[in-house]
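Listed below are the residues making up each chain.
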Amino acid sequence: MNQLNNPIIEITNLNKWFGNFHVLKNINMTIHKGEIIVICGPSGSGKSTLIRCINRIEEHQKGKIIVAGTELTGKMKNIADVRREVGMVFQTFDLFPHLTVLENLTLAPAWILKMPQKKAEELAMTLLKRVQITDQAFKMPGQLSGGQQQRVAIARALCMNPKIMLFDEPTSALDPEMVKEVLDVIKQLAHDGMTMCVVTHEMGFAKQVANRILFMDQGEIVEENHPDKFFISPKYDRTQQFLSQII
Amino acid sequence: MTTLSDAGIEIQVFKPMPDLPAPLESVGIIGWLKGNLFSSKINSLLTFAALFFLWKTLPPLLSWTIIDATWSFSSHPCPTEKTGACWTFIFVKFRVLMVGLYPQELLWRPILTFVIFGGVCVLTALRVLQTKLLITLWFFLPLPLFFLINGGMGIETVEQSLWGGLMLSTGLAAIGIIMSIPLGILLALGRRSSMVVVKSLCIGIIESIRGVPLITILFMASVMLPIFLPQGMSINNLLRVQIGIILFSSAYIAEVVRGGLQAISQGQIEAASSLGLKNWTITCFIVLPQALRHVIPSLIGRCVALFKDTSLVIIVGLLDFLGMIKASAQDPDWLGYDAEAYVFCALIYWIICFSMSQYGKSIEHHNQW
Numbered sequence: 001m002n003q004l005n006n007p008i009i010e011i012t013n014l015n016k017w018f019g020n021f022h023v024l025k026n027i028n029m030t031i032h033k034g035e036i037i038v039i040c041g042p043s044g045s046g047k048s049t050l051i052r053c054i055n056r057i058e059e060h061q062k063g064k065i066i067v068a069g070t071e072l073t074g075k076m077k078n079i080a081d082v083r084r085e086v087g088m089v090f091q092t093f094d095l096f097p098h099l100t101v102l103e104n105l106t107l108a109p110a111w112i113l114k115m116p117q118k119k120a121e122e123l124a125m126t127l128l129k130r131v132q133i134t135d136q137a138f139k140m141p142g143q144l145s146g147g148q149q150q151r152v153a154i155a156r157a158l159c160m161n162p163k164i165m166l167f168d169e170p171t172s173a174l175d176p177e178m179v180k181e182v183l184d185v186i187k188q189l190a191h192d193g194m195t196m197c198v199v200t201h202e203m204g205f206a207k208q209v210a211n212r213i214l215f216m217d218q219g220e221i222v223e224e225n226h227p228d229k230f231f232i233s234p235k236y237d238r239t240q241q242f243l244s245q246i247i
Numbered sequence: 248m249t250t251l252s253d254a255g256i257e258i259q260v261f262k263p264m265p266d267l268p269a270p271l272e273s274v275g276i277i278g279w280l281k282g283n284l285f286s287s288k289i290n291s292l293l294t295f296a297a298l299f300f301l302w303k304t305l306p307p308l309l310s311w312t313i314i315d316a317t318w319s320f321s322s323h324p325c326p327t328e329k330t331g332a333c334w335t336f337i338f339v340k341f342r343v344l345m346v347g348l349y350p351q352e353l354l355w356r357p358i359l360t361f362v363i364f365g366g367v368c369v370l371t372a373l374r375v376l377q378t379k380l381l382i383t384l385w386f387f388l389p390l391p392l393f394f395l396i397n398g399g400m401g402i403e404t405v406e407q408s409l410w411g412g413l414m415l416s417t418g419l420a421a422i423g424i425i426m427s428i429p430l431g432i433l434l435a436l437g438r439r440s441s442m443v444v445v446k447s448l449c450i451g452i453i454e455s456i457r458g459v460p461l462i463t464i465l466f467m468a469s470v471m472l473p474i475f476l477p478q479g480m481s482i483n484n485l486l487r488v489q490i491g492i493i494l495f496s497s498a499y500i501a502e503v504v505r506g507g508l509q510a511i512s513q514g515q516i517e518a519a520s521s522l523g524l525k526n527w528t529i530t531c532f533i534v535l536p537q538a539l540r541h542v543i544p545s546l547i548g549r550c551v552a553l554f555k556d557t558s559l560v561i562i563v564g565l566l567d568f569l570g571m572i573k574a575s576a577q578d579p580d581w582l583g584y585d586a587e588a589y590v591f592c593a594l595i596y597w598i599i600c601f602s603m604s605q606y607g608k609s610i611e612h613h614n615q616w
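The listed protein sequences derive, respectively, from chains A and B.
Sequence positions in the first sequence follow our numbering and run 1 to 247.
Sequence positions in the second sequence follow our numbering and run 248 to 616.
Hints in this document: simulated from the structure, not taken from any laboratory.
Keep in mind that the hints are not guaranteed to be accurate.
With a Cα cut of at most 25 Å, we get these calculated BS3-like pairs of lysine-lysine [stated by the list, open to error]:
hint, chain 1, residue 1, chain 2, residue 2
1, A, Lys-64, B, Lys-525
2, A, Lys-75, A, Lys-64
3, A, Lys-139, B, Lys-262
4, A, Lys-25, A, Lys-235
5, B, Lys-525, A, Lys-118
Hey, can you work out the whole structure from these sequences and the hints?
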């Protein structure tokens, strides 16, 4: 399969400001179907903002974002179409604490796809099985460990059967021994051919699964490289400096 | 006992000590007394002071309310040689205190209303119904009950000027609570809206109502409003007062709910919208259930306050429970029984308000409606 002919996310000349602060400067990037992109960089570099623009949780002011053939504009219909194709997992899990694990998963299919309750629950159980957490289905999120919560959050994002998954520092809020169980689930997804865009500091994970690594600093993409080269012979001194600090 | 291990070193065997009974003075009644009433010098002093206070107040209170009181059902004033309370007065006035001047021959209607209303209250307290069903039930409850009291459509109509007593108080309060909670939620949501017009309108309504005492609003509703209405159009007094109470209460509930809304993190809304949920779905199923749960104690507090505030309707000429108590105490045939009247009034108010706050406590405890 020729990946280059199959762009699923196209971002051209993206600019974004928070008030007067220029957070994203002239971002250009393309993600192809089945690709796994890891975005890293120091805090405040705009990496989270960039992926939050992809499903318009953040609004951009200039430039063009096309996701799965739909351009993100102010149009509510376009935004809804894009969000249906894009799942997202957050640093702080953000499960709905007043609903059971199962209800967290069935909410979106029941309300957006108008799926019958029984069918939605079957789908939810299948997905919980995929993240290996079926035994927790009837518990409240607060009763789960961080790692389990994040796996439920991944299952919840998968409920709408998205074509693309965005991960915003999925393991940053976890205890070290729970990081692995979450990364394993993400790796499994990668293995199954999901298109993914992951913001993370887990360099081992990046090395293992990424097709490309983007390094961002001060709102710009500094370097875009294959993981083998990125870690051994980065093109820019800024990348080298960053890597020397975290590894 | 010792044994020799393979290496020839002596290994000691650990034998746990048996449990001994706790010292007598730290458990049981003596232990409780010592720990809670006499734990320090000041505590002991306070305990004795409280006992002294009870010794001085409790016996006269008991003898007035129960032992020396007259409990007979007669239509004559109590014998003067009895020093205790004359509960006969309350028995004689009971009907007026409960339903006002509601016609005697139609009394089955308020009684049936009371049975239905009480039944729904019990169902609510026992948590036998699903939340959704319970809310729907309460929301539609006022309509049939109002019809039952008011009449119409073939049933004899009872003029609203004859309504009164506890029936009127609970009616005004119940409808006030049922209507002002949704209205208050809408105002709170409006106040957080990103649309400037909606936001300013809601802030204007909330702040102007909160800036005025309830008495003023009741006066406005019953005296001023008819002046502003076009000629020939009239809304009856009771309805105007009810609307005044609903508006007043919803402004306060809006502020309580807003506090709950602020406690919901942006992440919850982002997570929900990333799933593709629409704004109103997010509000109804993610934000509000959590926000309301945060504010249950203050929400119940508002409901209790609203119930007590209904006693202010006396100033616009409606004879609610307190009004009837006052009127009964001034009955020329039964003069001098003010104490009985107000003690009974306080007791009834206390029972209802205390039940409400206990229900609120149980919701917090069960974390469900």
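Requested in this report: Could you work out which earlier hints the structure fails to respect and list their numbers in ascending sequence?
Outcome: 3
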